[in-house]
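Heads up: the sequence shown begins at 1 in the UniProt record's numbering, then just goes up one per residue.
One or more hints might be untrue.
What the hints assert, rightly or not - With a straight-line Cα cutoff of 20 Å, these simulated EDC-like cross-link-like pairs (lysine to aspartate or glutamate) come out:
1. 95 / 134
2. 85 / 67
3. 95 / 188
4. 85 / 63
5. 95 / 160
6. 146 / 171
7. 187 / 100
8. 79 / 63
Simulated from the structure, these hints should not be mistaken for laboratory data.
Since we're looking at a predicted model, the values are computed, not measured.
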Amino acid sequence: MSMWKMRNAGNINFFKVSCNRIKILIVLLIETKLMTQETFKNTVFILKDEMYRFAKRFVMSSDEAEDVVQDLMIKFWQKKEELEKFGNLKSYALKSVRNECLNRLKHHDVKLGFADLQLHRSELYSMDINNMKDYIIGFINQLPEKQKMVIHLKDVEEYEVSEISEMLDMEENAVRVNLMRARQKVKEQISQLMSYEQRSISE
């Protein structure tokens, strides 16, 4: 075989090997991207409903709550590589919702909304249920921030104290204390309101 043919054959073989390596690299990149998307879907995107409910505790508008979740999902996707370092993605996601909502409340005129407390109808007497709902929202709105979040996570989302402790970066005992104080304050406000209504009816 002539020197030219040998050199040319070597170039062709090198070209084939290079093409094969490129093909393999492309396949690996595609598979990695698909895995990343699948992992994101199964670990982060599935939290969207829970994030939405939590956002509703801060912002009254459903559209505003949806915007919060959508914006966060975009941010999460853009830094998806960093999410792997968080041991508890649910905790991180809810913290992000809290921070995003509070940030919006600081810069925009957004009405606050928080979880309704369930009351037996016999305790409502002659009060209009819609008015009572407004009163309860107002009572919870007056609570300190930590107490608001603890009530929501425990009484609405039904998280365990240990989980709430991790989400809010609080000691478990602090979670219990805040929950007890929040419930007591709201209960006292409701009792005062009911007493006032009773006196009004009897007069």
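Checklist entry - Given the hinted pair residue 85 and residue 67, is their alpha-carbon gap at most 20 Å? => result Distance ~26 Å between residue 85 and residue 67 Cα, so the pair is violated.
Checklist entry - Does residue 187 pair with residue 100 here, judged by a C-alpha cut-off of 20 Å? => result 30 Å, violated
Checklist entry - Does residue 79 pair with residue 63 here, judged by a C-alpha cut-off of 20 Å? => result 25 Å, violated
Checklist entry - Straight-line Cα separation of residue 95 and residue 134 no greater than 20 Å? => result The hint is violated at about 27 Å.
Checklist entry - Going straight from one Cα to the other, do residue 146 and residue 171 come out at no more than 20 Å? => result Cα-Cα ~12 Å, so holds.
Checklist entry - Is the Cα-Cα distance between residue 95 and residue 160 20 Å or less? => result Judged against 20 Å, a Cα distance of about 16 Å means the pair holds.
Next on the checklist: Given the hinted pair residue 95 and residue 188, is their Cα-Cα distance within 20 Å?
Outcome noted: With a Cα-Cα distance of about 29 Å, the restraint between residue 95 and residue 188 is violated, given a limit of 20 Å.
Next on the checklist: Just to be careful, I want the Cα atoms of residue 85 and residue 63 compared with a cutoff of 20 Å; is the pair within it?
Outcome noted: 31 Å, violated
The structure fails to meet hints 1, 2, 3, 4, 7, 8 from the earlier list, while all remaining hints are met.
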